[in-house]
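Colleague: Sequence:
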Amino acid sequence: MKTIALTALAAIALAFTAGAQDKKAAKEVAVLKFKDFGEITVEFWPEVAPKTVENFIKLSKDKFFDGTQSHRLIPGFMIQLGDPKTKDPTKENEWGTGDPGYKIKAEFNDRPHDKGVLSMARSAHPDSAGSQFFICFTRERTAQLDRQYTVFGKVLKGLDVLDKLEKVPVGGPQGSKPQRPVVLESVKIIAADSAK
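Numbers given in my numbering equal positions in the sequence shown, counted from 1, plus 1213.
Take the hints with a grain of salt, since some may be wrong.
What the hints assert, rightly or not - DSSO-like, lysine-lysine: derived pairs with alpha carbons at most 27 Å apart:
#, residue 1, residue 2
1, Lys1380, Lys1328
2, Lys1318, Lys1401
3, Lys1328, Lys1370
4, Lys1271, Lys1248
5, Lys1240, Lys1304
6, Lys1276, Lys1240
7, Lys1367, Lys1248
8, Lys1264, Lys1318
9, Lys1264, Lys1246
10, Lys1367, Lys1276
These are calculated hints, taken from the structure and not from any lab test.
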């Protein structure tokens, strides 16, 4: 009986600690500063994608995203970001293939890919995401992504900036390469209270 009681107490303590970590992560937001376009503030959803949120915050604090560009933009759908190879114009033929040197496990969940939602980009393999992510421009063409990609946050402020990004002309062989640079100057993690 004593063993059962101790096990139950340990489980409660573990649940409390995990809950406290989720609350801490939820109290942080990211400010994405786009050169010539403005800032977008996003909230995180650690309750549905804790490891993904943790990874994004770590990369942001390490300035991993600073100076990267969007290599893929589809009006009426989404803008893709987070490839470190986009910092080097001489590697343009490799844009879209970069990562932080590791992959993270998928955390598919029931949150829909609504306008302003952040989700991890990946290849055909479910556990192939690393640093690349996308922000949805609309809900109209994103239903097929639900429960197939890891949703981990949503735009809190700056939907007008997202609308400006959607209007960037695109071209290239697949019709999705921005025809002017969309540079993510910085991603700063700040306390949610500071973003109000």
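Colleague: Measure nothing beyond the straight line between the CA atoms of Lys1264 and Lys1246; if it is 27 Å or shorter, mark the hint as holding.
Modeller: The hint holds at about 24 Å.
Colleague: Hinted pair, alpha-carbon criterion (27 Å max): Lys1380, Lys1328. Please report holds or violated.
Modeller: Distance of about 15 Å is within 27 Å: holds.
Colleague: Next pair to validate is Lys1367 with Lys1248; report whether the Cα-Cα distance is within 27 Å.
Modeller: Holds, because 20 Å separates the two Cα atoms, which is no more than 27 Å.
Colleague: For a C-alpha distance cap of 27 Å, please report whether Lys1318 and Lys1401 respect it.
Modeller: 24 Å, holds
Colleague: Next pair to validate is Lys1240 with Lys1304; report whether the Cα-Cα distance is within 27 Å.
Modeller: 37 Å, violated
Colleague: Lys1264 and Lys1318 were given as a pair; does the straight-line alpha-carbon distance stay at or below 27 Å?
Modeller: Status holds; Cα separation ~8 Å.
Colleague: Under the criterion that the straight-line Cα-Cα distance not exceed 27 Å, is the pair Lys1271, Lys1248 satisfied?
Modeller: 22 Å, holds
Colleague: Please verify whether Lys1276 and Lys1240 have alpha carbons no more than 27 Å apart.
Modeller: Cα-Cα ~20 Å, so holds.
Colleague: Quick one, are Lys1328 and Lys1370 close enough, alpha carbons at most 27 Å?
Modeller: Holds, because 12 Å separates the two Cα atoms, which is no more than 27 Å.
Colleague: Between Lys1367 and Lys1276, does the CA-CA distance stay at or below 27 Å?
Modeller: Holds - the C-alpha atoms of Lys1276 and Lys1367 are around 20 Å apart, at most 27 Å.
Violation of the numbered hints given earlier is confined to hint 5; every other hint is satisfied by the structure.
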